[in-house]
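In the order they appear, the protein sequences are chains A and B.
Just so you know, we're using the working numbering here: the first sequence kicks off at 9 and counts up by one.
Just so you know, we're using the working numbering here: the second sequence kicks off at 3 and counts up by one.
It should be emphasised that the hints constitute simulated quantities derived from the structure, not laboratory data.
Here are the computed distance ranges between Cβ atoms for each label pair: (1) B:V180 with A:L181: 35 to 45 Å; (2) A:E155 with B:Q60: 26 to 36 Å; (3) A:R185 with B:R93: 26 to 36 Å; (4) A:Y212 with B:H11: 56 to 66 Å; (5) A:R80 with B:A62: 27 to 37 Å; (6) B:V180 with A:V81: 39 to 49 Å; (7) B:Q60 with A:L86: 35 to 45 Å; (8) B:L56 with A:L181: 18 to 28 Å.
Covered stretches of chain B, as calculated for chain A (at least 3 residues, CB under 8 Å): (9) 37 to 50; (10) 75 to 85.
Since this is a predicted model, take the numbers as computed values, not measurements.
Glycine included, every Cβ here is placed at the ideal spot set by N, Cα and C.
Read off the chains here:
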Amino acid sequence: MRPRLTTFAAALALLLLAAPFAGLAIATDWRHLGFARGDGDAVAVSLGLSLVALALIVALGTPLAWWLARHRVRGQWLVDALLLLALLTPPLAMGLLLATMYGPYGPAGQWLERAGLLLTNSAPAFVIAQFYAALPYYVLAARAAFEGVPRELEQIALTLGHSPARSFFRVSLPLARLGLAAAVALAWVRALGEFGVVLIVAYYPQGIPVKLWTNLQDTGLSAVYPLLWVFFLVALPLPLALGLAVRRRLA
Amino acid sequence: MRIDYRIEHPVALSASFEVEGFTVLLGASGEGKSLLLRAIAGLLPARGEPFGGLPPQQRAVGYLPQGHALFPHLNAWQNVAFALRGADRRRQAVAWLERVGLAALAERRPAQLSGGQQQRVALARALARRPQLLLLDEPTSALDPATRDDVLAELIAEVHAAGIPALAASHDPALAAVADRLVVMHGRRIVQAGAPWEVHARPANGAVARLLGHRNVHGGRLVGEPGAQRLFWPEGNVALPVETGLPGDTAVDWHIAPEAIELHEAGGAAAGDADGVVVAATEVRQAGAHGSYLGLRCGQARLWARSPPWSLDMAGTIRLRLPPTAIRCWPRD
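This is chain B alone, in the form it adopts within the complex (with noise of 0.2 Å):
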């Protein structure tokens, strides 16, 4: 489903892009991601398709706001039943629970559900109303890290089961990750759209690798021409060798993969004296799920490297290598 809108307030803001499956529109606080989806609902005054012109009552869309917005005053199947008319709303209203697996809490008031159960309730009432296109803003933002990953596939199954395309608004890189198409937002505009594996591959700039949460993402300015150039990062108060195509005196955002990055003991000969290599101070060692990283300090910002099989002397200092090769650099806008 191609989205194509304009809103003039509170902010200007025009967005135009292609919705398969579940899309994940991602982007900074504030880029307006709310804004546009609750100008698609209808909720505020814009001008585009589809459903322009429409009040919010005839369009076909299934809104799920942050916060889930259930009522209060209702329980689990009334609140699903809401989006329900005739004799048979109970019925059908506990058979869409039955579809989220949450049938055997129908009874409960929404204050007696959990972050996720919430979810998937207003997901059963957006779905009941039986809509062309889901809207779902913010949808981790409410959910236990411990379980999020599991809910997040739920959700996303549930999805694809009902067939309607998604939108979900996210700052979220994990959301990001999982989508099936993913639009990014920077500047009050869509920089980039595409599945998530080429974007996270190729990001069109050093905004939206970040947002994709890829670390060591730095300002910089390339000096001399393609073949013998070199990157001055200031806060690194650094020069290092790289390979671009692009014209010298360019003002970039670069980044390298914490993997690339070569660590020496500080003792150590090896490449002691090569181009690109960058003296550091041990900050933080970070052990998670998915391996261990080290925060070091290089002036006054912070490289994250993978954290090497030898011991470390925290207190002491440490040689990085950083390949000519392995940074990539895009020109600022």
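For reference, chain A alone in the conformation it holds in the complex (with noise of 0.2 Å):
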């Protein structure tokens, strides 16, 4: 390709990626921003149980992370396809096979409901629903930045009489760090985004996603714009300013 060529074709690509948020500027009225019926609380719920499918999926995403980086065992290649199932099953089958699986029918869904625990149109049913969709992008992002921690410094932390658990606090954390962030806020991008999974297993309550797509339908795309604005307030600095700053690093 001649280099005016290339120039051009790049131009155009950003010019295009660029285009759907100038026009979510113009589109504002920012005259009469109003919020509709029930956004404060659809923002409430997201924010809320996403910090806790954060929470549930760095607690048992980081282990399994950690334990994929560091060991081989037969048949790893098993582990390894269903992170990968999981992580390309479309979000609108993932909530179906969670329905299947913990809805009022399913095998877990029963026994779980004579414990008490609803997981249909319930708090906890959305957060099942950010967990499946978000953990697979968690665990194969900070595994990755686990396999970027050289192995002789642990070991050099072992020798210098540190137990393997401090080890991993004082040099495989703080080294993984930049890349664990990253896998953070990938996570949160993810949960906070999610619409198949949760549209299928906890149409209630609504968060910011579900109530866009009632929004729309309801009212029609005037009413989505400040909720759209939120959306991007609270889901996107974080995991925008982690993404610069990795390139940063690896300028």
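Both chains come to you apart, so use the hints to assemble them.
Below is the structure:
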């Protein structure tokens, strides 16, 4: 490709990327910016429950990512395949699978309901949906972060008299921190923005994505802009800053 | 300190020897020297003494891997303090850095230090752990050739000052030359151990001589019984008279010191028809800080000899005499 043609193609791609965001800025009626009924609740639901889901993802996903980064076992490909399967399953399909397993007639759902945990149209159902949507992304990104830590440094920490746990917290974790932060940010965006899985198993309580959908259905495009702005403001600053930090570190 | 270790995986290896002062474990790459150090540090499954069966964090060893493995997220004093406990860590860490002459660089990150400085920080960190044994893996590999001898001298002086036995794995003859004790590994086992001057004076076999950096170590075969024996050198395609106590028809490694080879100008008649004369082409002239040498092409091999005082025609041939008493032969395993 000739240089001029490359430049033109690159500029066009950037322009296309920017167009939707410019469109939102132009289409928003700034003078009469008013929220629809229930928008505030949706923001509260999304932020609160996404934080719970994120905490679960980090608590369970970090040990798994660490184990995957540091061990090679027979049948490893099965574990890798399972992670990829969860990652590649379309959200709608994942929602249906969750309804099958945890729904009122599902094997786990019946058992959990008897224990008092209703996993349909409830706060726990919302958290479960986000957990499944974001966990594979977090585990894969965190595994890559841990794989970037030289094993030798962890071993040196052992020879300097530290236990494996202290070596993990004082060497592995600090050295993987940027990659782990990026993994957390990725999981945050995935969880907060999840629509397909949530739509199936937790139409209520309504978070931002489902509320955007109902606003669009009930009123039309003009009704989604205020909530859309809030969505961008709460979802993106952290991942954006981390993404830029990672790019700077690489450069 | 007596080392006695047996490794099964990833290669089978067993070694038993004494470490005194600064001991160098000399061996070619791939002999498993690094594996042995890692086994002693507890980082590799192995059986043996000392520290047998203990997890790495309970072994009193200071392990300095190749490349020093400083923590990149910590500065120099924090790296040293990593081995320390308690509120007084910082002051102690700086004191250790002072011992290796680096207190002024305590705030620097590893990336801002030279190879030699990184090594001294790693040494300070290993010493701060108060080990009973120091393990150094290829300590000369990351050093600048111009300052290497001085960095090594300092390293050894610091090890002596600390009064801790140190075991350094290396393939570097220059490090072997400054050791208190030399242990030579070949074919995955210890083939010779002793003071460096003893090992240098009497290498146990041709492989040891090569590892020590001796030039002119070649393979050959003895023909005839002692008294009228000749050494057939296939690569040079000559048979040289030798004096050995070995029986005839023995495969040997042989060596001659470059200083022992007598050079004669091509036209000269001196010793012209004598036994043990080899005709060689001058290939390369090496003028270094420790004298001048000639690389001489003999058939398919090369002999090194001390440069003669007369001027040489580098394109021409030269006649060499290898005195029979100067040739040392070792039977091959």
